[in-house]
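Peer 1: Input sequences plus hints: build the corresponding full structure.
If you count by the UniProt record's numbering, then the sequence shown holds residues 1 to 371, one letter each, in order.
Since the hints were derived computationally from the structure, they do not count as laboratory data.
Each hint should be verified, as a subset may be incorrect.
Subject to a maximum C-alpha distance of 25 Å in a straight line, what follows is the list of computed SDA-like cross-link-like pairs (lysine to any residue) [unchecked claim]:
(1) Lys93 with Gln43
(2) Lys155 with Ala274
(3) Lys73 with Lys107
(4) Lys73 with Asn94
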Amino acid sequence: MKKSGGAEKKRVRRSSAAVQNGGRDPNSDTPPRKQAAKKDVYQLFAEKVRDHKDLVSRWAVLQETRVEYFRGKDFGGFLRNHPELKDILESDKNAEPEDIGNALLRKNLLVRCDRVVKTLRPGKKKLSTWPAHLEIFPDQVFSENDAFFAWTFVKRRPLWQTLLSFFWPVLTLAICLFPIYPHRCKLIILYSCAGLLLLFMSLLFLRATAFGLLYIVIGKRVWFFPNILAEEATLRELFRFCPKKDEEERPKWTTRLFYALVGVLVILLLRHHAPDEAARARYQKRVSNIIDDVLEWSPTLALSGMMDKQPSMVNNTEPDSSFADKSQTNPEGEGPVDDETGVVGSASEQHDAEVNDNKEDTEQRKHHDDI
Numbered sequence: 001m002k003k004s005g006g007a008e009k010k011r012v013r014r015s016s017a018a019v020q021n022g023g024r025d026p027n028s029d030t031p032p033r034k035q036a037a038k039k040d041v042y043q044l045f046a047e048k049v050r051d052h053k054d055l056v057s058r059w060a061v062l063q064e065t066r067v068e069y070f071r072g073k074d075f076g077g078f079l080r081n082h083p084e085l086k087d088i089l090e091s092d093k094n095a096e097p098e099d100i101g102n103a104l105l106r107k108n109l110l111v112r113c114d115r116v117v118k119t120l121r122p123g124k125k126k127l128s129t130w131p132a133h134l135e136i137f138p139d140q141v142f143s144e145n146d147a148f149f150a151w152t153f154v155k156r157r158p159l160w161q162t163l164l165s166f167f168w169p170v171l172t173l174a175i176c177l178f179p180i181y182p183h184r185c186k187l188i189i190l191y192s193c194a195g196l197l198l199l200f201m202s203l204l205f206l207r208a209t210a211f212g213l214l215y216i217v218i219g220k221r222v223w224f225f226p227n228i229l230a231e232e233a234t235l236r237e238l239f240r241f242c243p244k245k246d247e248e249e250r251p252k253w254t255t256r257l258f259y260a261l262v263g264v265l266v267i268l269l270l271r272h273h274a275p276d277e278a279a280r281a282r283y284q285k286r287v288s289n290i291i292d293d294v295l296e297w298s299p300t301l302a303l304s305g306m307m308d309k310q311p312s313m314v315n316n317t318e319p320d321s322s323f324a325d326k327s328q329t330n331p332e333g334e335g336p337v338d339d340e341t342g343v344v345g346s347a348s349e350q351h352d353a354e355v356n357d358n359k360e361d362t363e364q365r366k367h368h369d370d371i
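Peer 2: Written as structure tokens, this is what we have:
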């Protein structure tokens, strides 16, 4: 009797320990690792679906946090077009998209959201297809009718992003060391950056010109490269050429005529106040001098210049007053000698040169102020 009572106590302790360890049955033949793998099939399925390119998704702000989200109808169509992905779910591979969506919601891999702005803006015929601001929907049930779902787990970082995070500090250090580069490397970097900047500004100018012409002539709002200035766009969407569909009302002919007159007036004003050839040449010379100073700078020249500017050491025991007087005048007594150039010149000539320089600087400042 005592043995049977002790065995029952041990059995009760084992069963309670099994319940505390997650409800695992000690008599089950399934190893713990396989059970954990079964619990993670939806996690693997969610990661696979999120990384797939055919599921259209966007980025938005949800409670001051940027999240990646998709539409419910896109999720259903995606699973119907790619049924092979449901093989990851093993026993639930024959489930419907709605059941899979509800399972992802129960496992907190998804959260249902709703648009913050629910009213039409002036001039709009329908709400935005991809809202930029979302809020949590109270009823967490999967639906394909105007429903948005955001991923809640952190996406695994690919290898190229890890390498890029290591590359950014190296690039920052390389930018800081630009002044000590060889002259040829400086020229390559300068012209490459200037070419990219010119290409980007030309693209924006042509894009705006095409929009203005199409808006005035046919009354259509057509933006080529619509996501070129978007902050929340992927790299593929950033360089998408096809314009978005114009969903706004067609502008009136009076509005188009007004903008046409404003455009012509702006062009005439710019043409009238354009700088002349002399001012353009002076400005180009000044910019060229600044660029040449940056490109031609090197530590060797800087150190040599600093050494040249250091005053020469003179023995304190020797009388230096007569030496200073002789150094300021030439042997023939013609006038003071310039310390930097060593050129002999009279005081009146130096004064005239300074007056002319100040006069030219004043004229240049006045011309730039007029421009």
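Peer 1: Next, verify each hint and record whether it holds.
Peer 2: Right, here's what the structure says about each hint:
1. Lys93 with Gln43: Roughly 14 Å separates the two Cα atoms, so the pair holds.
2. Lys155 with Ala274: Outside the cut-off at roughly 53 Å; violated.
3. Lys73 with Lys107: holds, 20 Å
4. Lys73 with Asn94: holds, 19 Å
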